[in-house]
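For reference, the chains in residue letters:
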Amino acid sequence: MEPSLSDKTDGDLVILTLENQENFVHIIDRYNRQLLAYIKRISGLGYEDAEDVLQEVFVKIYYNLNGFNTKLKFSSWVYRITHNATMSELRKRKVRPINYVETEDLVKIADELDISKEIEHKDLQNEINNILGKLDKKYREVLVLKFLEEKDYNEISDILKKPVGTVGTLINRAKKQFKKQYEK
Amino acid sequence: MKNNISDNILDKIKDTKPKSRFAFLAKNYAFWSAALLSIVIGAITVSVMIFIFVNHEWALAGRASGMFKNLVYVLPYFWLVIFLLFIIIAYYEVRHVRGGYKIALPIILGVYIFSTFLLGFGLYKVGVGNSVEEFSVDHAPLYHHLAEKRQQLLQNPEQGIIIGKVMGMKEDSLNLVDFKENVWDVNTEEVFISPHVKMDILLDKIIIIYGEKVGDREFEAEGIKPYMLPGRGPGMMKGVRGMKEMREGVRIIE
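So the sequence lines, in the order shown, correspond to chains C and D.
Throughout, my numbering is defined as the position within the first sequence, counted from one, plus 1.
Throughout, my numbering is defined as the position within the second sequence, counted from one, plus 1.
Calculated from the structure, these hints are not laboratory results.
Some hints could be false.
Heads up, simulated BS3-like pairs for lysine-lysine below, C-alpha to C-alpha not over 25 Å straight-line [stated by the list, open to error]:
#1 C/K162 with D/K20
#2 C/K61 with D/K206
#3 C/K72 with D/K20
#4 D/K181 with C/K74
#5 C/K72 with D/K28
#6 D/K103 with C/K176
#7 C/K61 with C/K135
#8 D/K126 with D/K206
#9 C/K9 with D/K226
#10 D/K103 with C/K61
#11 C/K180 with C/K139
#12 D/K181 with D/K206
#13 C/K74 with D/K70
#14 C/K162 with C/K72
#15 D/K166 with C/K9
#16 C/K163 with C/K61
#17 C/K9 with D/K18
#18 D/K126 with C/K162
#19 C/K163 with D/K103
#20 C/K61 with D/K226
#21 D/K103 with C/K138
#22 C/K135 with C/K163
#23 C/K138 with C/K163
#24 C/K61 with D/K15
#25 C/K72 with D/K18
#26 C/K74 with D/K226
#27 C/K139 with D/K15
#28 D/K28 with C/K163
#29 D/K150 with D/K226
To list a few chain C residues with every Cβ distance to chain D over 10 Å, as calculated [unchecked claim]:
#30 G47
#31 E52
#32 M88
#33 L91
Here a beta-carbon is modelled for each residue, glycine too, at the ideal position from N, C-alpha and C.
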């Protein structure tokens, strides 16, 4: 039996979309939820604004499909476009990214940073959110990608267009900064 | 929500075609070409810097003006600035080629410096450093000024060193005009000049004479050396040949 389009790999879907625009809907279906969550996490935009950015992102993905480097994971490539489009939107609005992390995400971060025992307290959840909001943009970006989007170093390197070594350094510094702020 | 978003997006792209693959390839090749061009320009600056360092008369200029002043004036700031500028440009270009962001800064710097020095040495050997230096002296007024400053480091008659252009020659003497337009009468009796050398090759050339000041504008030469700057000579190859003849023909008495 022929596999359905939704079972195809990302690479196959790219080729099929280039042959027939209608097939792009399968790429949209596959990525829209995670990209919407990512936009909200790194920008703090509300649902409707984030959805507007998401639509722009998919238009850009479609327009640039021929530029997809097959040596990359498709997901890294779409995350990169999403990251750039979100930052560009924030620049346009002249606002600093506001932190927006949901409770379940806070638990994940607390687990990774060994402060999970106390996370049930609402105060602590607020505190973590505050700390994330105070971190430099470059540190918050890598923490979100590493602990919430669960990307590995190579993927983060491809998304942020930084050498893998730099990504490792940024993550270590981000953790240190976070803990330092937390212990204050 | 899902259908709504999908429909909106499909509606937005219905009249759009993906950008061509060629456009992406062209952009990638353009960045690679620009990075290679930066290496070539960097190598040319290296060849000129080698030329300046190798051709500067360190011992004589040190005697005339002191080693510290020599270092300050001879350091090729102009070329160093261009070299550094093109390191930055090359870094920017490499970071923008496909996958270039994976290459760490120290690797880009290392490859750039190694390749520009290697190629720069080759270019120096074939005379590119010489010709670019001459061209710059002739066409860039600020650079001409810097070259003159370097040349003036070799002017200190009290210390037994003068530099200038040969205006006239006789059997045992020559006339030299220095950069302050003083005309010197130089006795060359003590300088051995090979009889088969046509002395007129020295005419209009800039030379360094060392020996002793014996009068107000009179000088007793012990030795003569050619000086290439500020590049008023003929074209590159002719210039190189001219220098070779001068070096073979004029023996320097130490």
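Hint check:
1. C/K162 with D/K20: With Cα atoms ~21 Å apart, C/K162 and D/K20 stay inside 25 Å; holds.
2. C/K61 with D/K206: violated, 66 Å
3. C/K72 with D/K20: holds, 19 Å
4. D/K181 with C/K74: Cα-Cα ~70 Å, so violated.
5. C/K72 with D/K28: Cα-Cα ~18 Å, so holds.
6. D/K103 with C/K176: The given pair, whose Cα atoms are some 23 Å apart, holds under the 25 Å limit.
7. C/K61 with C/K135: Judged against 25 Å, a Cα distance of about 31 Å means the pair is violated.
8. D/K126 with D/K206: Within the cut-off at roughly 23 Å; holds.
9. C/K9 with D/K226: violated, 79 Å
10. D/K103 with C/K61: holds, 23 Å
11. C/K180 with C/K139: Holds, at roughly 16 Å.
12. D/K181 with D/K206: holds, 16 Å
13. C/K74 with D/K70: violated, 59 Å
14. C/K162 with C/K72: Holds, at about 14 Å.
15. D/K166 with C/K9: Roughly 81 Å separates the two Cα atoms, so the pair is violated.
16. C/K163 with C/K61: Holds - the C-alpha atoms of C/K61 and C/K163 are around 21 Å apart, at most 25 Å.
17. C/K9 with D/K18: holds, 23 Å
18. D/K126 with C/K162: With a Cα-Cα distance of about 40 Å, the restraint between D/K126 and C/K162 is violated, given a limit of 25 Å.
19. C/K163 with D/K103: holds, 6 Å
20. C/K61 with D/K226: violated, 68 Å
21. D/K103 with C/K138: holds, 21 Å
22. C/K135 with C/K163: holds, 22 Å
23. C/K138 with C/K163: holds, 15 Å
24. C/K61 with D/K15: holds, 13 Å
25. C/K72 with D/K18: holds, 23 Å
26. C/K74 with D/K226: The given pair, whose Cα atoms are some 66 Å apart, is violated under the 25 Å limit.
27. C/K139 with D/K15: violated, 36 Å
28. D/K28 with C/K163: holds, 20 Å
29. D/K150 with D/K226: Holds - the C-alpha atoms of D/K226 and D/K150 are around 18 Å apart, at most 25 Å.
30. G47: holds, 14 Å
31. E52: violated, 7 Å
32. M88: Fine: 16 Å to the nearest Cβ keeps C/M88 off the interface.
33. L91: holds, 21 Å
Violation of the numbered hints given earlier is confined to hints 2, 4, 7, 9, 13, 15, 18, 20, 26, 27 and 31; the remaining hints are satisfied by the structure.
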